[in-house]
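Starting from the known structure of chain A, fit chain B onto it as the hints suggest.
Chains A and B supply the protein sequences, listed in that same order. For the first sequence, the residue numbers in our numbering are 2 to 589. For the second sequence, the residue numbers in our numbering are 73 to 394.
Rather than coming from a laboratory, the hints here were simulated on the basis of the structure. You can trust all of the hints, since none of them are fake.
Under the rule of at most 20 Å between Cα atoms (straight-line distance), these lysine to aspartate or glutamate pairs were calculated in the EDC-like manner:
no., chain 1, residue 1, chain 2, residue 2
1, A, K104, A, E62
2, A, K379, A, E334
3, B, K207, A, D228
4, B, K372, B, E224
5, B, K207, A, D204
6, A, K386, B, D112
7, A, K392, B, D364
8, A, K248, A, E162
9, B, K207, B, D146
10, A, K104, A, E118
11, A, K161, A, D109
12, A, K248, A, E171
13, A, K430, A, D34
14, A, K379, B, D112
15, B, K207, A, D199
16, A, K54, A, E408
17, A, K104, A, D42
18, A, K399, B, D364
19, A, K115, A, E141
20, A, K161, A, E251
21, A, K104, A, D140
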Amino acid sequence: MALPQEAAQEPPGIVSDLITRFGESTRLQTTVDDYPTVWVDRENIQDVLRFLKHDADTPYELLYDLSAIDERLRKHRDGQPASEFTVFYHLMSLSGDHDLRVKVALQDDDLHLKSVESIYPVANWYEREAFDMFGVQFDEHPNLRRILTPPLWEGHPLRKEHPARATEMEPYQYSEEFQDAQQEALKFVPEEWGMSRDAKHTDFMFLNLGPNHPSVHGVFRIALQLDGEVIVQAVPDIGYHHRGQEKMAERQSWHTYIPYTDRIDYLGGVMNNLPYVMNVERMAGITVPDRAQVIRVMLSECFRIASHLLFYGTFAQDVGQMSPVFYMFADRERLFSIIEAITGGRMHPSWFRIGGVTQDLPDGWYEMVTDFCDYMPKRLDHYEKMSLQNKILQRRTKGIGAYNTAEGLDWGITGPSLRATGSDWDLRKNRPYSSYDQFEFDIPTASNGDSYDRCVVRVEEIRQSLRIIRQCAENMPSGPYKADHRSTTPPPKERTMEHIETLIHHFLNVSWGPVVPPCESETLVEATKGWMGFYSISDGGGMAYRSRVRTPSFPALQQIPFISNGFMVADLIAIIASIDFVMADVDR
Amino acid sequence: MFGIEDFWSYALILPVAVGVLLGALVLVWWERRLLGWWQDRLGPNRVGWFGSLQALADLIKLLTKDDWLPPFGDRVFFILAPIIVTAAMLLAFVVVPFTPVLVIVESNIALLWFLAMSAMAVYGVLLGGLSSNNKYALLGGLRAAAQMVTYEVFLALSILGVVMLSGSFSLVDIVENQRDGLWHFIPQALGLVIFVIAGLAETHRLPFDLPEAEHELTAGFHTEYSGMKFGLIMAAEYVALILLSCLIVILFFGGWLGPSFLPPVVWFGIKVVIVINFFILLRAAIPRPRYDQLMSLGWKILLPLTLVNILATGAWVLGTQG
Numbered sequence: 002m003a004l005p006q007e008a009a010q011e012p013p014g015i016v017s018d019l020i021t022r023f024g025e026s027t028r029l030q031t032t033v034d035d036y037p038t039v040w041v042d043r044e045n046i047q048d049v050l051r052f053l054k055h056d057a058d059t060p061y062e063l064l065y066d067l068s069a070i071d072e073r074l075r076k077h078r079d080g081q082p083a084s085e086f087t088v089f090y091h092l093m094s095l096s097g098d099h100d101l102r103v104k105v106a107l108q109d110d111d112l113h114l115k116s117v118e119s120i121y122p123v124a125n126w127y128e129r130e131a132f133d134m135f136g137v138q139f140d141e142h143p144n145l146r147r148i149l150t151p152p153l154w155e156g157h158p159l160r161k162e163h164p165a166r167a168t169e170m171e172p173y174q175y176s177e178e179f180q181d182a183q184q185e186a187l188k189f190v191p192e193e194w195g196m197s198r199d200a201k202h203t204d205f206m207f208l209n210l211g212p213n214h215p216s217v218h219g220v221f222r223i224a225l226q227l228d229g230e231v232i233v234q235a236v237p238d239i240g241y242h243h244r245g246q247e248k249m250a251e252r253q254s255w256h257t258y259i260p261y262t263d264r265i266d267y268l269g270g271v272m273n274n275l276p277y278v279m280n281v282e283r284m285a286g287i288t289v290p291d292r293a294q295v296i297r298v299m300l301s302e303c304f305r306i307a308s309h310l311l312f313y314g315t316f317a318q319d320v321g322q323m324s325p326v327f328y329m330f331a332d333r334e335r336l337f338s339i340i341e342a343i344t345g346g347r348m349h350p351s352w353f354r355i356g357g358v359t360q361d362l363p364d365g366w367y368e369m370v371t372d373f374c375d376y377m378p379k380r381l382d383h384y385e386k387m388s389l390q391n392k393i394l395q396r397r398t399k400g401i402g403a404y405n406t407a408e409g410l411d412w413g414i415t416g417p418s419l420r421a422t423g424s425d426w427d428l429r430k431n432r433p434y435s436s437y438d439q440f441e442f443d444i445p446t447a448s449n450g451d452s453y454d455r456c457v458v459r460v461e462e463i464r465q466s467l468r469i470i471r472q473c474a475e476n477m478p479s480g481p482y483k484a485d486h487r488s489t490t491p492p493p494k495e496r497t498m499e500h501i502e503t504l505i506h507h508f509l510n511v512s513w514g515p516v517v518p519p520c521e522s523e524t525l526v527e528a529t530k531g532w533m534g535f536y537s538i539s540d541g542g543g544m545a546y547r548s549r550v551r552t553p554s555f556p557a558l559q560q561i562p563f564i565s566n567g568f569m570v571a572d573l574i575a576i577i578a579s580i581d582f583v584m585a586d587v588d589r
Numbered sequence: 073m074f075g076i077e078d079f080w081s082y083a084l085i086l087p088v089a090v091g092v093l094l095g096a097l098v099l100v101w102w103e104r105r106l107l108g109w110w111q112d113r114l115g116p117n118r119v120g121w122f123g124s125l126q127a128l129a130d131l132i133k134l135l136t137k138d139d140w141l142p143p144f145g146d147r148v149f150f151i152l153a154p155i156i157v158t159a160a161m162l163l164a165f166v167v168v169p170f171t172p173v174l175v176i177v178e179s180n181i182a183l184l185w186f187l188a189m190s191a192m193a194v195y196g197v198l199l200g201g202l203s204s205n206n207k208y209a210l211l212g213g214l215r216a217a218a219q220m221v222t223y224e225v226f227l228a229l230s231i232l233g234v235v236m237l238s239g240s241f242s243l244v245d246i247v248e249n250q251r252d253g254l255w256h257f258i259p260q261a262l263g264l265v266i267f268v269i270a271g272l273a274e275t276h277r278l279p280f281d282l283p284e285a286e287h288e289l290t291a292g293f294h295t296e297y298s299g300m301k302f303g304l305i306m307a308a309e310y311v312a313l314i315l316l317s318c319l320i321v322i323l324f325f326g327g328w329l330g331p332s333f334l335p336p337v338v339w340f341g342i343k344v345v346i347v348i349n350f351f352i353l354l355r356a357a358i359p360r361p362r363y364d365q366l367m368s369l370g371w372k373i374l375l376p377l378t379l380v381n382i383l384a385t386g387a388w389v390l391g392t393q394g
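Isolated chain B (complex conformation):
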């Protein structure tokens, strides 16, 4: 039962988890530097080389802060919420193939696992908002529930085209399918756009950060959170961003594929960094739509578009392969 592959995958768990969390830490710093550069200001530049230890300093601060629980809230769910978000996001990385061998579990339902985990994360946000017993958190939680459940639908529907082209839910198969033909971002351009929008809504980053919308709800669902519980929520957010970027690279940009002068894992890394930078650029540039505008964008524009995309891709697959 317990073969060499199993051992390999267990051995990978710790490096992947630590790597992803470290990546989130670096990303906090990188995002702030990049925003600073784009916004004609300095950004963190004091701690370490170009401020690179700033995120670490912040982490130390968060870890040593008073671990406060709102006496008016629901203790159990208040503590559980950040754990659920972070755990769900980390668990999703179980199926992410960085290279054909660098994957913890290669599964033929990998894509479904990713969708399931991102749906789990909704619980964290929702419970965090409700258990805080704070009106701003409640409004944020409500927004999160509506927004994330809605965009969950498009997140799933938008990648069906890719699945049809590849004939598999396995992420490794999907990448391999792009080896000889076009990378999916060309035939599935529509799917990519919708996936990016839905992914942004799902990770609730600006411009779709309505559940926390600082200018309206102060901090939305995590208003009452402080210390490391707040830190976990932030970490989950950045992990989600990395996860989303990895998925985009795998589904649409040929994963680890690339000219052979660089090893596959480097290609993967380069692509992911480019996608992440794109997301940071979006954050710097675009204002936030109103909550009901985001909803009607989803149901009135994105839903018909995804259905058209699925129909067209299905017809094309039938026509060429069936």
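So that you can see chain A by itself, here it is in the shape it has in the complex:
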């Protein structure tokens, strides 16, 4: 909770290191997620991060997240330094299994901060996003421009004065001049990105791949500087799928935001609910019963398989193999019929609740789930012969778009794409949540970190997920599917007709939603495409004061130029196919 540090808890060593190096103004803040949170002076931010990355005892290799908080309307800031806009850096040390959150206080009349892009390359896009959303100026940034909103957007959406609803704004006007100006602003100008139009002996061709192109999996645009068919430079352009998920979190109750989370990684379904509800449960102090935890694991793994199957099929399709995607969609359909029987929904069931799940499992779920576990491995063997062992497919993807673990971490890559480089970091093993420590499963890894390995790892993950699902089915605990806690939403309905108190309680939790005490917390999970987390701040209300959604696809797209320069257009397609991203997950 946002209270002054109490003597009971010893500050981690790294914090005292920081205080001795960077002076008394370095302050510690406690949060319910127990990540050490330190406030540093803005002059020191580059030095602090450079120290943490290179000289700390356990170096913080990964800049997991970077964004800002508009603090101007926040009431509960006890013990925190005065700040109107707070920029926070979430650093992770995989070698030491530590987290560290660094915060910098800024005032609205002087929103300047030095860029850390030269220390953590992944900061480039995150800083652009913080500029776009809050107007924070990152000095020394190579190209600080809007990233999610259109170039001519007015205002910074996540500032509290920016309207959240159309009803708070003037009626919308769309004129022809407006459209022309917008289109003109979207034109790709190579000079703005430090590119020249010709070299000594060649004129470069600039090819605009997307935002509507068969192989970019959604609305993603990438401008290519081509020498013949060879890519010299690439500039990804995102934001065509931006829906303001973080803004919406600030005007939905803790409960009614759950369906929005389903649509963040729209192939992940309830996997998106999981970090969100776990985060709210931690803030509200709810302990989830065993049965609900195992049900959550089972459904999440079902969605991991569904997402990986789609990846597998489109991966083969993007290198020109026509048929596999149909078989995999058919299998995915079987899976969806199970999900539908259990949750009533298919891609977006919004089925997890604060404190548990919506309903208990239906009759016959056990047979459906185990039948699928029997059926699927044979199909996977078949697909392996058809796709992964195909020589043409191997020639198209081996050695294409490779990076090692250190490079992957520099670019913020997590999840299967990182494990393809040999790292075996999996949050389900390293930081078990929702009873994952009770299951037997392996973490598949590969060694080359190329497009082919990224596919191999995911295919093996399907098999491991099947193992987990079978264990869930065989060992499903009995007991309640919702926690017995006042903030569980909606509360169990059974007794509402018996006492007026329970009726009122039910009515309030359904209509206004639960109230979460003022605190900050972040929870991350091993989602289908990498680590996904919610960093929520409650100001003691029925809605989040700020909810940060960190998704794995966003940094993955930023990395594309780094791994595709020098390859051909056809290789770029193989690389894009191997990344496994969803534009909704990128833009949020």
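Frame of chain A, contents of chain B only:
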């Protein structure tokens, strides 16, 4: 000058042309049904008996579509390109003998005529790509030029073995040559494999559809085409597939030859359908190699193999007949 044979051949022109185009139409439907069956899905099944009128419905749609010309392109060549492709492919059928009598022109340079016409088709693809003035079409056109010119070479070289065995460029002679001996696919197995690969590259069907490679170049050289001009390009592609299958049957599988309980033309038809199905199966099964991989496959592997094939066949012919 104008004898009964000439009259016969002129009379055949219309049935052959219409037959081939109808065949292309049926093939569109058949390919979609077959792919649907192989891929665990339905395929077209609503219009007509088992969806058999689907291709016709598509044709009507294409014919009635707005005939759009890209204002930024080169109008003349943009219109000319699909005409060239289709015309070249149809003209190649002039020399195809369905049976000894069912052939429009029986010529002693029939095989060369086929090669010439398939080379003409390259112009259509190239001009279509260039005249569209679209970057994707340009890349597709460039790929097409490189790919088709390269594989033109192997297409010609791979059938030299057959020509040597038969001692003739006449397609009728080549089939007759197989009557008493082995069909050519046994002594010329290497030639057949290379001819199939080169033919696939020449008709730019998946897995060698790099000039249009949907996942990379959206639609490649015909990105800007719509309506019936697009329809013509598609028709040419299917006509080319039929043509290629006919040639394979004639050169390697004894054309119309077969046990006499069925008429020759039926044998020819059966063989062609089997070859076509094989090509559709290839499309369903194999991924697409990269453009430079296809090129190096041609020059580094296929070229030496064809030369070996020619040398070996030549030596054998000299040894047995010379």
